[in-house]
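Chains as they are written, first to last, in UniProt numbering: chain A, 1 to 281; chain B, 1 to 137.
In short, the hints are calculated from the structure, not lab data.
These figures come from a predicted structure and were not determined experimentally.
We treat Cβ as the ideally placed atom computed from N, Cα and C, and that holds for glycine.
Hints are not guaranteed to be accurate.
[Said to hold, decoys possible] Examples of chain B residues lying across from chain A (beta carbon under 8 Å, computed):
1) T81
2) F88
3) S95
4) V99
5) M103
6) S122
7) Q126
[Said to hold, decoys possible] Pair by pair, the computed Cβ-Cβ distance ranges are:
8) B/D69 to A/R8: 24 to 34 Å
9) B/G114 to A/I203: 20 to 30 Å
10) A/Y82 to B/Q83: 49 to 59 Å
11) A/G176 to B/S80: 41 to 51 Å
Residues per chain, in single letters:
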Amino acid sequence: MRWLLNSRTWSPSSSQFSYCLSLLPTPQQDEIIRFVKFEDQKRYILSRLMQQMLIHVVFNIPYKEIVISRTKEGKPYVEPCYLNASAPNVNFSVSHHGDYVALASETLCLVGLDIMGDEGNDEPEEYIKNFRSYFTVLEWDNINSAGQDGRQLLDQFHRYWCMKESYIKAVGIGIGFELRRAEFFFKDGNIWGDSPCLRLDGIERTDWHFYLFHLRDNHWVCVSKGPPGDAIESFKKTLHTINVSDVSLAHVLKQKDPAFTELTIMDIIPVATLEGQTNLI
Amino acid sequence: MASTSVISATVPQLASPPNNALAANVTGRYNGLKCCQLPQRINLRSSTKNCPSRAVRIICQSTIQQVQDIIATQLSVDPSTVQPETKFSELGADSLDTVEIVMSLEEKFGVSIGEQDAENISSVKQVADLIEKQRSI
Chain A
1 MRWLLNSRTW
11 SPSSSQFSYC
21 LSLLPTPQQD
31 EIIRFVKFED
41 QKRYILSRLM
51 QQMLIHVVFN
61 IPYKEIVISR
71 TKEGKPYVEP
81 CYLNASAPNV
91 NFSVSHHGDY
101 VALASETLCL
111 VGLDIMGDEG
121 NDEPEEYIKN
131 FRSYFTVLEW
141 DNINSAGQDG
151 RQLLDQFHRY
161 WCMKESYIKA
171 VGIGIGFELR
181 RAEFFFKDGN
191 IWGDSPCLRL
201 DGIERTDWHF
211 YLFHLRDNHW
221 VCVSKGPPGD
231 AIESFKKTLH
241 TINVSDVSLA
251 HVLKQKDPAF
261 TELTIMDIIP
271 VATLEGQTNL
281 I
Chain B
1 MASTSVISAT
11 VPQLASPPNN
21 ALAANVTGRY
31 NGLKCCQLPQ
41 RINLRSSTKN
51 CPSRAVRIIC
61 QSTIQQVQDI
71 IATQLSVDPS
81 TVQPETKFSE
91 LGADSLDTVE
101 IVMSLEEKFG
111 VSIGEQDAEN
121 ISSVKQVADL
131 IEKQRSI
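Start from the sequences, fold in the hints, and give me the full structure.
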């Protein structure tokens with residue numbers, strides 16, 4: 001699945017908001033109050049509802065029985081008891097930036113997703129310099145080859161950052177990873193290409209595939225796909241089949257990444273739970 | 001329908017610090033070959049070393065309080081949810097948030113947190129301890 005939702009399409013009243021919040025498990029309802037901004041609370045609900053809808057659709061589990069847990073690093077996963085031979089490694093990654101909340105899922109290989117966009121920086125060149133140490137020499141040169149154009153500099157920086165994040169999130173790391181270990185490059189030298197390659201600790205990893213694309217309003221999205229064996233231990237033990245055959249994996253990894261489907265709030269709430277609420281937008 | 005308290009849509013807005021407030025002259029923090037060029041700071045080291053131990057404990061307490069406030073502001077979360085034992089992952093921080101938090105803290109406290117230390121940060125208290133360690137060097 002590849003789902004995208006623009007939070008601006010959802011302008012709930014207080015009661016509509018409360019109703020959608022009530023669809024989440026109680027601990028998550030409690031978590032939401034830590035967000036002081038209403039937009040953050042909205043995005044939190046949308047992200048969680050998307051995850052629940054995914055599990056509901058893939059496994060047909062009754063909505064209220066869905067349990068999505070997190071590893072100690074914060075990686076969300078579905079309870080292993082639901083996995084089976086036909087969907088052995090259902091895993092997913094969510095990301096949000098600005099108005100966009102997105103989810104990507106796979107059933108066999110690992111998947112990671114990250115969205116990056118502007119954060120209102122007036123001085124892109126100065127802002128980006130702060131992150132110098134997180135990039136390799138090659139990456140830094142590529143970013144700066146955008147020259148004096150602030151827009152292009154920011155775009156390059158955002159592209160590289162979401163490439164790295166998409167890898168980290170696929171393997172379940174969270175934070176605490178030396179970002180320079182994952183070096184991204186373009187085989188044809190085109191730094192605006194859409195299929196970067198990964199060199200991990202100096203070794204090229206042809207078993208990882210990445211897809212970059214541009215979303216409206218200066219957002220960049222990267223989707224990563226890789227072998228289940230690369231998941232970190234805490235995440236790996238939630239999967240069903242670690243040793244996937246090279247043939248099966250290669251087949252999945254080489255498939256063209258599907259386009260994202262744009263959803264609305266009504267798409268991520270099962271009809272059966274609506275209980276008379278006909279419109280939650 | 002489960003009964004839940006109505007979340008008010010008019011929640012107080014926390015001002016986020018502008019990103020260009022990050023020090024432009026902090027260079028090569030994690031590269032051992034380059035020196036850190038930090039803005040002039042009051043030298044807290046000499047002032048705390050000669051203080052009675054109770055005063056030092058008070059200063060240490062305010063470090064973690066300041067750290068909690070900076071983290072809460074950066075992540076736009078209620079400061080009361082940022083406790084010493086709180087993990088960054090629990091607050092929804094991703095790598096970019098963590099990097100920006102570390103930079104804000106370096107700027108605020110006039111310290112340099114090494115790359116290896118920065119990578120291993122996972123809780124609020126760890127960050128505060130790192131800052132205290134840097135300030136006592």
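We went through each hint and held it up to the structure:
no., hint, result
1, T81, "holds, 4 Å"
2, F88, "holds, 6 Å"
3, S95, "holds, 6 Å"
4, V99, "holds, 7 Å"
5, M103, "holds, 6 Å"
6, S122, "holds, 6 Å"
7, Q126, "violated, 10 Å"
8, B/D69 to A/R8: 24 to 34 Å, "holds, 30 Å"
9, B/G114 to A/I203: 20 to 30 Å, "holds, 26 Å"
10, A/Y82 to B/Q83: 49 to 59 Å, "violated, 33 Å"
11, A/G176 to B/S80: 41 to 51 Å, "violated, 25 Å"
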